[in-house]
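Undergrad: Here is how the chains run, residue by residue.
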Amino acid sequence: MWLRGINFPQLTDTTNLFFVTRRAAGKTNGLLLGGIIAGVAVLTLAGAWFLGGFSDSFRGIDKIDAGSYAESARPFQGGTYQFEGAIDSDLGFDQGKGRLISFRVSSSKGQIFLPALIPSFLKHINPQKGQAYKVKVVGRDDGLLVVEKLEKL
Amino acid sequence: MKNRNYLLLVGLILIQVDQSELIGQSNGTPPTGGGQAQATATLPAIPNGGGNSAGVSAGTPEPTSGLDGVNWDGKSFKITDIKIIDSKFSAYLNEPEISYEEEKEYAKLVNELLERLDIFRIRSEGKRLLQEVLPILKAASRHPRDGGCCRQIYNAVGVDSQSKDAALTKADRIKALKKEIETVKWNMSVTAKPSGMDVKPSLNTTASSFEYEEAQREKKTRLAFMQNDLEEKYSELLATQNSIVSKTDDARLALQRMVVGNFINKRFDHVMIAASFYRLLYSDGAGEVKLQEKIIEEAANNAKKLRSAISFDRNTTTSETIGVGTSGVYSNRTTTKNNSESGITSMLPSASEALGAVTAAKIKVASLIPDTMTEVEMISQEAIDQCNRYVSTVRGHMAQNELEHAFERLQEAFAVGEQLASIRSFPREYKQQLWKYKKAVQEARAGLASKDLGKAKLAMDRLGQMTTDNPFSKEESEMGNIKTISAMHLAKAREAATRGDRETMNKELEEAVKIWPQNPALAEASAKMLDQLNQQVQGKEDLKKLLQQKNYKYILDEKARFLAASADEPALLEQLKNVLETQGKALAWKARIEELLKRGDPYGAWEEAEKGIGEHPENTDLMKLRSDAAVKCPEYVDKIERARSAESKDDPAAALASYLAARQIYPQSALARDGIASLSKKLLTK
Numbered sequence: 001m002w003l004r005g006i007n008f009p010q011l012t013d014t015t016n017l018f019f020v021t022r023r024a025a026g027k028t029n030g031l032l033l034g035g036i037i038a039g040v041a042v043l044t045l046a047g048a049w050f051l052g053g054f055s056d057s058f059r060g061i062d063k064i065d066a067g068s069y070a071e072s073a074r075p076f077q078g079g080t081y082q083f084e085g086a087i088d089s090d091l092g093f094d095q096g097k098g099r100l101i102s103f104r105v106s107s108s109k110g111q112i113f114l115p116a117l118i119p120s121f122l123k124h125i126n127p128q129k130g131q132a133y134k135v136k137v138v139g140r141d142d143g144l145l146v147v148e149k150l151e152k153l
Numbered sequence: 001m002k003n004r005n006y007l008l009l010v011g012l013i014l015i016q017v018d019q020s021e022l023i024g025q026s027n028g029t030p031p032t033g034g035g036q037a038q039a040t041a042t043l044p045a046i047p048n049g050g051g052n053s054a055g056v057s058a059g060t061p062e063p064t065s066g067l068d069g070v071n072w073d074g075k076s077f078k079i080t081d082i083k084i085i086d087s088k089f090s091a092y093l094n095e096p097e098i099s100y101e102e103e104k105e106y107a108k109l110v111n112e113l114l115e116r117l118d119i120f121r122i123r124s125e126g127k128r129l130l131q132e133v134l135p136i137l138k139a140a141s142r143h144p145r146d147g148g149c150c151r152q153i154y155n156a157v158g159v160d161s162q163s164k165d166a167a168l169t170k171a172d173r174i175k176a177l178k179k180e181i182e183t184v185k186w187n188m189s190v191t192a193k194p195s196g197m198d199v200k201p202s203l204n205t206t207a208s209s210f211e212y213e214e215a216q217r218e219k220k221t222r223l224a225f226m227q228n229d230l231e232e233k234y235s236e237l238l239a240t241q242n243s244i245v246s247k248t249d250d251a252r253l254a255l256q257r258m259v260v261g262n263f264i265n266k267r268f269d270h271v272m273i274a275a276s277f278y279r280l281l282y283s284d285g286a287g288e289v290k291l292q293e294k295i296i297e298e299a300a301n302n303a304k305k306l307r308s309a310i311s312f313d314r315n316t317t318t319s320e321t322i323g324v325g326t327s328g329v330y331s332n333r334t335t336t337k338n339n340s341e342s343g344i345t346s347m348l349p350s351a352s353e354a355l356g357a358v359t360a361a362k363i364k365v366a367s368l369i370p371d372t373m374t375e376v377e378m379i380s381q382e383a384i385d386q387c388n389r390y391v392s393t394v395r396g397h398m399a400q401n402e403l404e405h406a407f408e409r410l411q412e413a414f415a416v417g418e419q420l421a422s423i424r425s426f427p428r429e430y431k432q433q434l435w436k437y438k439k440a441v442q443e444a445r446a447g448l449a450s451k452d453l454g455k456a457k458l459a460m461d462r463l464g465q466m467t468t469d470n471p472f473s474k475e476e477s478e479m480g481n482i483k484t485i486s487a488m489h490l491a492k493a494r495e496a497a498t499r500g501d502r503e504t505m506n507k508e509l510e511e512a513v514k515i516w517p518q519n520p521a522l523a524e525a526s527a528k529m530l531d532q533l534n535q536q537v538q539g540k541e542d543l544k545k546l547l548q549q550k551n552y553k554y555i556l557d558e559k560a561r562f563l564a565a566s567a568d569e570p571a572l573l574e575q576l577k578n579v580l581e582t583q584g585k586a587l588a589w590k591a592r593i594e595e596l597l598k599r600g601d602p603y604g605a606w607e608e609a610e611k612g613i614g615e616h617p618e619n620t621d622l623m624k625l626r627s628d629a630a631v632k633c634p635e636y637v638d639k640i641e642r643a644r645s646a647e648s649k650d651d652p653a654a655a656l657a658s659y660l661a662a663r664q665i666y667p668q669s670a671l672a673r674d675g676i677a678s679l680s681k682k683l684l685t686k
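Protein chains in written order, with this note's numbering: chain A, 1 to 153; chain B, 1 to 686.
Rather than coming from a laboratory, the hints here were simulated on the basis of the structure.
Only a predicted model underlies this, so the values are computations on that prediction, with no experimental measurement involved.
Where is the CB? At the ideal position from N, CA and C, for every residue including glycine.
Take the hints with a grain of salt, since some may be wrong.
Computed cross-link-like contacts, DSS-like style, restricted to lysine-lysine with a CA-CA straight-line distance of at most 27 Å [what the hints assert, rightly or not]:
| id | chain 1 | residue 1 | chain 2 | residue 2 |
| --- | --- | --- | --- | --- |
| 1 | A | K109 | B | K632 |
| 2 | B | K681 | A | K136 |
| 3 | B | K649 | A | K63 |
| 4 | B | K178 | B | K164 |
Derived list of chain A stretches under chain B, where covered just means 3 residues or more per stretch with a C-beta under 8 Å from a C-beta of chain B [said to hold, decoys possible]:
| id | segment |
| --- | --- |
| 5 | 31-44 |
| 6 | 67-75 |
Next up, chain B with everything else stripped away, as it sits in the complex (with noise of 0.2 Å):
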């Protein structure tokens, strides 16, 4: 029974929305939902309402947040537009603080008005209790705080009343209307039996036949006046009786219509004033509610509006038969007229869309209206109460500074009863705290649903502060593990872009744009890498071009810049390599010849410079460095130069003599020694 009464409940809110949807809809709105359901798709799991799925038994509504419809007892109620319940919620965070004063005084007149139709006083005084708390009734409606909800009832208890005082004055109607008919049927009695007076037939006279015929026409005439008298006077009495059984009907009807109304909006203070009237008016006060079956009948006729048929049979056929029997000549005459209409089609269709979507509606409000006002006046009771927990609950969690719990119990509570004098006084202090936390819990999700993490931190953190069951400790540590691999795919394209691998390049800072696009390293890293990348294709065109004027100086001095520029090129880079290799050589022979020149000894500089520009001819600093060594030691570099010279010009035995003059002047002379080595060779073998 505990389970029904919560799916009703949860029933009236999803109508609500439902409700609302299908006005948006029939104003041409296109729905609004799943936004909201595609952005939460692509999310980190998000919470809502950690504390409610964490500890719900089975068979027990899970409202949660009221974000993602409701769970219950298997089946999933979906709310596609939370935006409803969202902006209402919102709404009632942000508006004015209702006075407590006014709010007690409402109250009081409300719990008055309760406790006087008391069932046992009902019972007790009947309809005399009317004298009592119709003054309350009608204080409770001209209150500011009431918003016309006591005044219907009133209007409706009103209605009653002026109901049975017109069904007083029509039953002394039905009372003279049935002597009447007692006077008609005393009268067509007595004209239909036979009289002495009356005139006798006889078959030997013409004349006297013709009398008794005329006779009898008359008599039938009189009785069939007294007929259509008797039958207006039946006609009457059956109207009247089913006027006041109708008016007595609507004013019930208005009355249960009040009670349902108040159902279905939530006003469950007013559901127990209604129904207590109810019970003290009619007698029925328990029993079935009629309402549902009038909301059937009523929105069946609504479809049927606007339809029409297209084919109709309205043919009527009579047959006749004239023949004389032994009252004489008689006539019988028979008439069928038929009335058929076929084909029923919507004469505006979308109007009758409309109304069958209007239809569909009641008869879904009306499948979720309890069979009876007990159960109504239970449902209601129970709201009420497990409001009121709610609201004190939401006070324990706002006193130990756990708003998350506090927003989704007063959520919880708002939802179901949001027009109960416990919800409409709850601090504004309170609500506007809960308003900045959801706010920021609004900035995190949304920061979480674009994957600004940054932003989403932010509000995390401020929600920290905020209170003490922040629902994000979840998140936050996946937003560090999306930090983190963020990270790495970003260095694995700054890794690719050294390299001038653009294409892992692009596919890395895509990944790292997925998982975190909002990345603030993201803008400035990839700058920098296409950056870089530019630079690697403008230093594979200077390093082709440096090699091809063979300014080996400045690839040597720039190597690092066209070693990583030519990393995807290999011939390049190999011939990069082979001319840093060459160029490395030279710069050991430079760091050797520099060693001599400052030791002193510029032969041996000369040399070695000689030496190094035989194997790097291109090499401007050696031939530098010879010229220096050169300038110290000119007779020396005079006496080989000749021995080229010569040897050059085929002259063995002069190449020889300058040889022996250089060894005599650098005995050390390295060159001298090979050269005076290999002409003696050559001179002694000739």
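Just chain A, same shape as in the assembly (with noise of 0.2 Å):
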């Protein structure tokens, strides 16, 4: 199920290739020598895709269970999760340390106020309230959520 998201732009024109190829040089041998040819490309993409290529940095991320920490934050230290949720509160700012944000997170206990500390290496980005993100975040010791990667989606 999850494949039908999966694009090949230029898989069409490949296709086509294989087709005239196989009418070039023969037509039995041509067209199997062309089906494993595009096989094994197909194979590769895949592989590539499965061992992270593409560069999509949210791939294999687990999803946070919001409402678990908001009952208990600490088992979540060291974990790396996503979420998306909006920006609800500005928490507080420190140089050395970074934007204490709060994000409103949907989950099936309802809305979660997730908070999480934005690090000063990702000042560059300037979160507004109500602004939806895509964020890729790490268990601190302490269970604080300490923001790596976010998205604006």
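Mind assembling these two chains? They're in different frames, but the hints should get you there.
TA: This is how it looks when you write it as structure tokens:
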């Protein structure tokens, strides 16, 4: 089911090339070879995608269980999570540490407010209240989520 | 002279009292005086006759109401037992009214006697006047009003007549005796003269000498007999003469006694009658009264009675000298007899003491008897006049409803002339009116003496209705002062009781009791104060227990009682004040929470309750309100509690998440705001 989302924008041209080559070299051998090459290519692309190819930083990151976090944050220390949420409020700023932000996240238990620290190195990001982001976070020792990446949705 | 008369009258009153006291003492009755003096010592000034003390000139006796003795000419005549005078006067006021007709009839007889015994008629008619006045005297003596006074005078006159009759008989005997004496004397002179018949002595013959001596001896014997006879006659003559003098003196003295006795008994009418008879019977009627000496002599003899010597000297010494002279043998015998007593003591000491007291009293009486009959009469007449004037004054005061003055004047008149017709016939209705007045005065005085001001006031009010010259006007104002002072002490005691100051309360109560022991408010106030004090002790115990139980709500509800109870215990009071202060703040919390709930803000109410409980963790009211609020906003409460729980588990991130959720529910939440702020800071600084 998840394969539905995969796009192969140049595959149509390649397939056409395969069928042209088969007609040119022999109809049977050409077609077989073309099919094999195409299959290998497909398998290569799929493997590359599965192995983190194509530069997608959120790929393979667990979505955070916001409800559980609100009950106890300590178990989330050291883990990397992602979630999508809107900026709720600015909770404070520290020159060295960064900005503490609260995100409003939807969950099965309703809206949950997750505090997250946007480190100083992400100072180019200027979150505004109400803006929706896709956020990659890492759990700190004390359970506080530290943003690693933000993507505006 | 007038002053002396006053003194004598006053003296008479005092003597009667003293004599009564003397009788009381000899009967073993202790004197009862002093009780009243003691009672009045602590009283506010009680008038003893304002009318008198006000306008009395110097040198005039001040009998006042007879209650405190008599002051005269700077001297104080103390009557220690006023009961005698007072009881006599009380009896007088209550005795049945004597018939006017009876009094008038008797007074008519007395006046008739006095008129007929006029001095000029006595001079002109002499003893013939007796025939005229004796029947009247006899009639008066039989009158029921007389009481034996005229009868005694009548008898004394009779004794005088008898003695004079006897004297006439004895005068005849004296005459005969004198004649007999002359005869004896003549005989003796004849016998003593030598005559030719006498035997002559001769030295030559012994017989002749012997006869001469015999004759001489016989002559001496005859003369001796005659001398004896003469001595007997002389003795009889002297005895008879003395007898006449003695009898006459006795009769005269009896009448003098009558005069003085009536004078002492203040029967001045009878003094005048007896004195007039005395003047009629004896030529020294206006002369010196001899009774003084007689009384003193009799008193002295009485005092000597029952006394005996403890040693006697009855020695008889006889010396005799015998010799021979020219007239023959002679003998000279001298006998000396001693008859002396020494160391005289009483045989019955107590009886002698009584007699001594009687002697002293008699001498005292004697010293007050006027020297002359004229003086006795004059004083008596003055007393009669004075009483008549007083009675007239009493009637005047009664007419003007001035009972105080009327009472005093009548008492004074009674003290001087209780036996006089004017006093005896004083209308009974007036006397009864005065008796009622006296009772009211006594009640008022008793009330003042016992400091029963209520009783005194009632009596004074009654007096105010009875008389226009209420003698207690000054006391009434003093009573007002006493009441005020007593009320002040009571108020102070109450205040002290409120403070729990038992010592001051007792002191003030004692002062209140001292100044007005019968204060009706006293008992009730004392009971209340003691009750209050007991309540205070109980209050302290309760407070300590409640503080221990931390039942501050009850303490707050009963704060007035506990403040009063702990007033005298600073540590407890301080503790109570702290509790009240905090409970006061809790009340403010409560009010705020209730207001928020009323306005439909359960979140705010819950928050306030939380804060209030933070300050007053024992306050159940706040707890209840918090519960009430929590029911209305369970989600919010859950978030806050989760946040707190996370905080307590050192999970600031989770706590912050819960606070943020809580803020989402109740944006005004101060708890969330504060939590968020503090946790954010904490997380940022880590």
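Undergrad: Each hint: holds or not?
TA: Comparing the hints with the structure gives:
Between the alpha carbons of K109 (chain A) and K632 (chain B) the distance comes to roughly 21 Å, so the proposed pair stays at or under 27 Å and holds. At most 27 Å may separate the alpha-carbon atoms for a hinted pair to count; K681 (chain B) and K136 (chain A) meet this at roughly 23 Å. Our distance criterion of 27 Å between C-alpha atoms is met by K649 (chain B) and K63 (chain A), whose separation comes to about 25 Å. Our distance criterion of 27 Å between C-alpha atoms is met by K178 (chain B) and K164 (chain B), whose separation comes to about 21 Å.
Residues of the segment 31-44 of chain A with a Cβ under 8 Å from some Cβ of chain B number 0, which does not satisfy the need for three, so the listed coverage is violated. Counting residues of the segment 67-75 of chain A whose CB lies closer than 8 Å to any CB of chain B gives 6, which reaches the minimum of 3, so the coverage claim holds.
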